[in-house]
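Go by the hints and put chain B onto chain A.
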Amino acid sequence: MGLKTKDLVGIKGLDRDDIELILETASGFKDVLGRDIKKVPALRGKTTVNLFYEPSTRTRTSFELAAKRLSTDVINISVSTSSIVKGETLQDTALTVQALGADFIIVRHACSGVPHFLAPRLKASVVNAGDGTNEHPTQALLDLFTIREKRGKIEGLDVAIVGDILHSRVAKSNIYALKKLGARVRLIGPPTLVPRELGELGVEIYSDMDRGLEDVDIIMMLRIQMERQGKGFFPSTVEYFRNWGLTKNRADRAKKDAVVMHPGPMNRGVEIASDVADGKRSVILDQVTNGLAVRMAVLYLLGGVRG
Amino acid sequence: MRKELLDKKDIERAITRMAHEIIEKNKGVRSLCLVGIQRGGVHIARRLSAKLREIEGLDIPVGSLDIALYRDDINVRKEQPVVRRTEVPCEISNKKVVLVDDVLFTGRSIRAAMDAVMDLGRPAVIQLAVLVDRGHRELPIKADFVGKNIPTSLNETVTVELSEEGRADKAVLEWA
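First to last, the sequence lines map onto chains A and B. In the working numbering, each residue carries its 1-based index in the first sequence increased by 14. In the working numbering, each residue carries its 1-based index in the second sequence increased by 1306.
Bound conformation, chain A alone (with noise of 0.2 Å):
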């Protein structure tokens, strides 16, 4: 068994099988990142390129650390030092970062598609970190096995994901993956940020922050961008927190072990309170490390397809 494709562009192209082996190979990894020595030669010589068109910081460290502890290569490309200011295009860029012996090529872009772009056009695996409002599909694979590992099991959760769905990619490879593997979603926010429209992905939409966390197994919060503010979204980071926040009042409505999860970086008083944020519920630093051994997974599965 192995990965069909070369790529991971996002979790809508996945079936259930490839997401279940890659949450098993991570397991893997898993117990390798709990080692003293936490490298292992399983990439040795092959090259990994990090390409990324918008600030980041923990997406790109994670994937640089996975790259490195399978022992590939690894160079960092961002966008305001490198030739892309001087006007090169997207395919150009890529093509000479492969013509350096690039086997692996990690790509966040602002706009969406961008993976789906390169994909096709490039022998080096293409692995999508965050293209536009579309997907971030290794977040999604880190989600589902941080649930996996704390209630051990996925299919027949109720999963409540909270905030900006609209903008959130996020929230997008999330409502694939869980779907693909049998949870309830469901959508909780403000009707400018969660369109009635998401409906037809089979999930849940509430207004009511109340209501919607009722028995939930797992409240997956999302990061409200700041530069909404102002946008005619909401009225204001204090008018949101109020309605929308997480607190641990509203946390408790949940069931008695659900646990809070939230992608980072946290705005502490907008979306979340800080004592749900650093409560006994929060699985927000676990993430971070599943992150890791998730990522190495996708990388080690992705080595093995030949085309």
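Just so you know, the hints here were simulated from the structure itself, not pulled from any lab data. Please note that the accuracy of each hint is not assured.
[Said to hold, decoys possible] Lysine-lysine pairs mimicking DSS-like chemistry, simulated, CA-CA at most 30 Å apart:
1) A:LYS294 to A:LYS194
2) A:LYS193 to A:LYS262
3) A:LYS294 to A:LYS164
4) A:LYS137 to A:LYS270
5) A:LYS82 to A:LYS44
6) B:LYS1384 to A:LYS20
7) B:LYS1448 to B:LYS1314
8) A:LYS53 to A:LYS164
9) B:LYS1384 to A:LYS52
10) B:LYS1384 to B:LYS1331
11) B:LYS1314 to B:LYS1476
12) A:LYS53 to A:LYS18
13) A:LYS137 to B:LYS1384
14) A:LYS26 to A:LYS194
15) B:LYS1309 to B:LYS1357
16) B:LYS1384 to A:LYS53
17) A:LYS44 to B:LYS1402
18) A:LYS137 to A:LYS26
19) A:LYS52 to A:LYS294
20) A:LYS270 to A:LYS193
21) A:LYS53 to B:LYS1476
22) A:LYS52 to A:LYS20
23) B:LYS1402 to A:LYS52
24) B:LYS1314 to A:LYS18
25) A:LYS44 to B:LYS1331
26) B:LYS1314 to B:LYS1331
27) A:LYS269 to A:LYS194
28) A:LYS194 to B:LYS1384
29) B:LYS1384 to A:LYS82
30) A:LYS18 to A:LYS52
31) A:LYS26 to B:LYS1384
32) A:LYS53 to B:LYS1357
33) A:LYS193 to A:LYS26
34) B:LYS1314 to B:LYS1384
What follows is chain B alone, placed relative to chain A:
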């Protein structure tokens, strides 16, 4: 075509003898740790440990080692080998580690296993126990404890089937 090389009784005797040899060579079972290579080797290691307890009255820890990430054929194989969890229940630094596998063939798995063990700690010694040695080494590796030497040709395969995997205990030789 298929021929039975070892039956249940043969395997049991081989394991009993190997257990005695392990005790003899190490002058007891002090600071011993058995590490089976997944998957067949783990079952053999457990059986050896049970036999050692029978003889010496001491519990010898058994680990299970996944070598997928240390293989030398990752870039040659069609698909990536499945990654499983490595579970070694004891600190292996300064221990006498006995690597255990079901069949010794090219020696490449053993090379990978030694690298994997070294990443877990610095054992005092590493020894090798195999149920079947079928020859055709491609690396300078030799087993310390062998259940049965079976000369084979390259177009044959040797499989050890064990009750732990829901089969009847036996070693079989197959060829086209």
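Results of checking the hints against the structure:
1. Restraint check for LYS294 of chain A and LYS194 of chain A: the C-alpha separation of about 29 Å stays at or below 30 Å, so the hint holds.
2. Note on LYS193 of chain A and LYS262 of chain A: the hinted pairing holds, with a Cα-Cα distance of about 27 Å set against a maximum of 30 Å.
3. Proximity of LYS294 of chain A to LYS164 of chain A is assessed by CA-CA distance (about 12 Å); at most 30 Å being required, the pair is judged to hold.
4. A hinted pair counts as satisfied when its Cα atoms are at most 30 Å apart, and LYS137 of chain A with LYS270 of chain A does not qualify at roughly 48 Å.
5. Taking the CA atoms of LYS82 of chain A and LYS44 of chain A, the gap is about 15 Å. The hint holds against a cut of 30 Å.
6. Under the criterion of a C-alpha separation no larger than 30 Å, the hint pairing LYS1384 of chain B with LYS20 of chain A is consistent with the structure, at around 13 Å.
7. Restraint check: the Cα-Cα separation between LYS1448 of chain B and LYS1314 of chain B comes to about 25 Å, which is no more than 30 Å; the hinted pair holds.
8. Of the pairs offered as hints, the one joining LYS53 of chain A and LYS164 of chain A holds, with about 25 Å between alpha carbons and a cut-off of 30 Å not exceeded.
9. Between LYS1384 of chain B and LYS52 of chain A the alpha-carbon distance is near 26 Å, which keeps this suggested pair within the 30 Å criterion.
10. Simply put, LYS1384 of chain B and LYS1331 of chain B have alpha-carbon atoms about 41 Å apart, too far for the 30 Å limit, and the pair is violated.
11. Distance restraint check for LYS1314 of chain B and LYS1476 of chain B: the Cα-Cα separation of roughly 6 Å lies within the 30 Å cut-off, and the hinted pair is therefore satisfied.
12. At most 30 Å may separate the alpha-carbon atoms for a hinted pair to count; LYS53 of chain A and LYS18 of chain A meet this at roughly 26 Å.
13. A threshold of 30 Å between alpha carbons decides the hint, and for LYS137 of chain A with LYS1384 of chain B the separation of about 16 Å falls inside it, so the pair holds.
14. The straight-line distance between the Cα atoms of LYS26 of chain A and LYS194 of chain A is roughly 9 Å, inside the 30 Å bound, and the hint therefore holds.
15. With a CA separation close to 28 Å, the supplied pair LYS1309 of chain B and LYS1357 of chain B stays within the 30 Å bound.
16. For the hint pairing LYS1384 of chain B with LYS53 of chain A, the CA-to-CA distance comes to about 24 Å; that is within 30 Å, so the pair holds.
17. Between the alpha carbons of LYS44 of chain A and LYS1402 of chain B the distance comes to roughly 27 Å, so the proposed pair stays at or under 30 Å and holds.
18. For the hint pairing LYS137 of chain A with LYS26 of chain A, the CA-to-CA distance comes to about 21 Å; that is within 30 Å, so the pair holds.
19. Proximity of LYS52 of chain A to LYS294 of chain A is assessed by CA-CA distance (about 28 Å); at most 30 Å being required, the pair is judged to hold.
20. With a CA separation close to 23 Å, the supplied pair LYS270 of chain A and LYS193 of chain A stays within the 30 Å bound.
21. Of the pairs offered as hints, the one joining LYS53 of chain A and LYS1476 of chain B is violated, with about 37 Å between alpha carbons and a cut-off of 30 Å exceeded.
22. Restraint check for LYS52 of chain A and LYS20 of chain A: satisfied, since their Cα atoms lie roughly 26 Å apart, inside the 30 Å limit.
23. For the suggested pair LYS1402 of chain B and LYS52 of chain A, the alpha carbons sit about 23 Å apart, so the restraint of at most 30 Å is met.
24. Our distance criterion of 30 Å between C-alpha atoms is broken by LYS1314 of chain B and LYS18 of chain A, whose separation comes to about 41 Å.
25. For the proposed pair LYS44 of chain A and LYS1331 of chain B, the alpha carbon gap of about 37 Å is over 30 Å, so the pair is violated.
26. For the hint linking LYS1314 of chain B to LYS1331 of chain B, the alpha-carbon distance of about 26 Å falls within 30 Å, and the restraint holds.
27. Only pairs whose Cα atoms come within 30 Å are accepted, and LYS269 of chain A paired with LYS194 of chain A is accepted, the gap being roughly 23 Å.
28. Only pairs whose Cα atoms come within 30 Å are accepted, and LYS194 of chain A paired with LYS1384 of chain B is accepted, the gap being roughly 27 Å.
29. Restraint check for LYS1384 of chain B and LYS82 of chain A: satisfied, since their Cα atoms lie roughly 23 Å apart, inside the 30 Å limit.
30. For the hint linking LYS18 of chain A to LYS52 of chain A, the alpha-carbon distance of about 28 Å falls within 30 Å, and the restraint holds.
31. In summary, the hint linking LYS26 of chain A to LYS1384 of chain B is supported, as the alpha carbons are separated by about 25 Å, within the 30 Å threshold.
32. This hinted pair does not check out: LYS53 of chain A and LYS1357 of chain B have alpha carbons roughly 35 Å apart, beyond 30 Å.
33. In summary, the hint linking LYS193 of chain A to LYS26 of chain A is supported, as the alpha carbons are separated by about 10 Å, within the 30 Å threshold.
34. The straight-line distance between the Cα atoms of LYS1314 of chain B and LYS1384 of chain B is roughly 35 Å, outside the 30 Å bound, and the hint therefore fails.
Hint violations for this structure: numbers 4, 10, 21, 24, 25, 32, 34, all remaining hints satisfied.
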